[in-house]
Each structure stands twice: as structure tokens, then as C-alpha cells.
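Starting from the structure of chain A, add chain B where the hints point.
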Amino acid sequence: QKEVEQNSGPLSVPEGAIASLNCTYSDRVSQSFFWYRQYSGKSPELIMSIYSNGDKEDGRFTAQLNKASQYVSLLIRDSQPSDSATYLCAVNIGAGKSTFGDGTTLTVKP
Amino acid sequence: GAVVSQHPSRVICKSGTSVKIECRSLDFQATTMFWYRQFPKQSLMLMATSNEGSKATYEQGVEKDKFLINHASLTLSTLTVTSAHPEDSSFYICSARDGRGNDEQYFGPGTRLTVT
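Each protein sequence line maps, in turn, to chains A and B. Heads up: the first sequence is residues 126 to 235, going by my numbering. Heads up: the second sequence is residues 629 to 744, going by my numbering.
Read the hints as simulated data drawn from the structure, not as lab findings. Fair warning: this is a prediction, and the values are worked out from it, not measured in the lab. The beta carbon of each residue, even a glycine, is placed where N, CA and C say it ideally should be. Be careful, since some hints might not be right.
[Unchecked claim] Computed spacing ranges between beta-carbons, pair by pair:
hint	chain 1	residue 1	chain 2	residue 2	range
1	B	694	A	167	22 to 28 Å
2	B	698	A	181	23 to 29 Å
3	B	691	A	182	42 to 48 Å
4	A	167	B	701	23 to 29 Å
5	B	645	A	205	40 to 46 Å
6	A	192	B	636	37 to 43 Å
7	B	682	A	203	43 to 49 Å
8	B	744	A	232	29 to 35 Å
[Unchecked claim] Partial list, derived from the structure: chain A residues whose beta carbon lies under 8 Å from chain B:
hint	residue
9	174
10	177
11	226
[Unchecked claim] List time: in silico EDC-like cross-link candidates among lysine to aspartate or glutamate, alpha-carbon distance up to 16 Å:
hint	chain 1	residue 1	chain 2	residue 2
12	A	192	A	130
13	A	234	A	203
14	A	222	B	732
15	B	642	B	715
16	A	167	A	208
17	B	642	B	687
18	A	222	B	687
19	A	192	A	152
20	A	222	B	726
21	A	127	A	152
22	B	669	A	227
23	B	648	B	693
Only chain A is shown next, with the shape it has when bound in the complex (with noise of 0.2 Å):
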């Protein structure tokens, strides 16, 4: 079993829906998680990170992570193609490591 899983889409959403992205994760002592934005060609980009049970929101992110089901997620409103991506989750391993999933890619359609 991997450390940390994602679904690899791709996931499709009309533009102005909300794209919602999942993660699960194996380690039950970590407590810090993340959320990255990679673009074709790019390196990742830090969007979210949260470290408490519940939701965290910015501007048209809300992540949201529950600890006694290992889960994380990430929804994205008002979805634009701009944000048309591979969205990478990672989960804190200690000493300051993270391991990544595999990604999942988006494509936002106008």
C-alpha cells in the first residue's frame, strides 16, 4: 500500500463547478498535510496546508482533513481553467519529510 494516494483522474469539471479531490493516507502519527499545484512542465506550488481536524479556507480553496479516517481533501469553487493542473497531496513523514502522491489531474473546460 502506498504511503499516500490519490485518485489519478483525470477529473473533468465545467468551468464554475466545484472540483473535489481526495487523499488518503497510511500514517496515522503524521500531522501535517498539503496540497500542491503543478502545472505541465512546472515545479509544485504550495496552495494549502492544514494541520487540525476540519476545514481550512482560502479565498476559493477549502481543504478539509479528518485524522481518524486518514483523509484529506480539496475543493476548489468556482473552478476556472486556469486551474486545470496536476494537484499533488503530501503528508508530513517526520524530520520534516513529506511524502507525495502520485497526483491527480484536473482539467477545467470552458
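Same frame as chain A, now just chain B:
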């Protein structure tokens, strides 16, 4: 804030030569830097963790004598790919973790290495 630069952005070298890649944190001191490699359409693969003033910690399967890492200061880490071969062609990305206690990593723009 939290800007990481990487140089060069793209390099082409001949097989058997060595290539050095620099990673700098521009507006913060990075206690830890990480080096990743990413092949096309694959996920990030952590190669090594670099702490200022100490030896890098390599992930299993990564040859430390081939991928030399030096973290000479709190703002600079370098990765040298020695005796490069075509199979080393990849996208090399560094990230830096600031010293404020959170685990957020900020990525450099990456270096695309092509070995001919």
C-alpha cells in the same frame, strides 16, 4: 515571501560529464533542503535531504557518490550529478523548509537536465 531559486533552469551535457545545480532560498533561511527528481508523467521522487553543515541523507536506492549534495549555508544547497548518463536525464527540483517550525516546503522552479 518563501522564494526559492534554482540555477540553471535547463542544461544539456555530454555523457560522462558532471553538472552542478544550485538551489537558493532568497528571503528566508532554510534549515533543510530537499532534492527531488521527476520523470515525465511521474510523481516526485525524493532523492535526499540536506541539512546545513551536515552530510546529506540519501533515500534508498540513490547513489550518494553519483549525486553529491553540499549544503554550505542556510540559503544554498548544491546537487552535482557526476559522470552523467542519458538515464540521468530528468527534471530535478529542490525545495526548502524554513526554520519557523512548520513543515511547509517551497519549491524551486526546477532544472531540466538532458544528457546526450
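Broken hints, by number: Of the numbered hints, 2, 10 and 17 do not hold.
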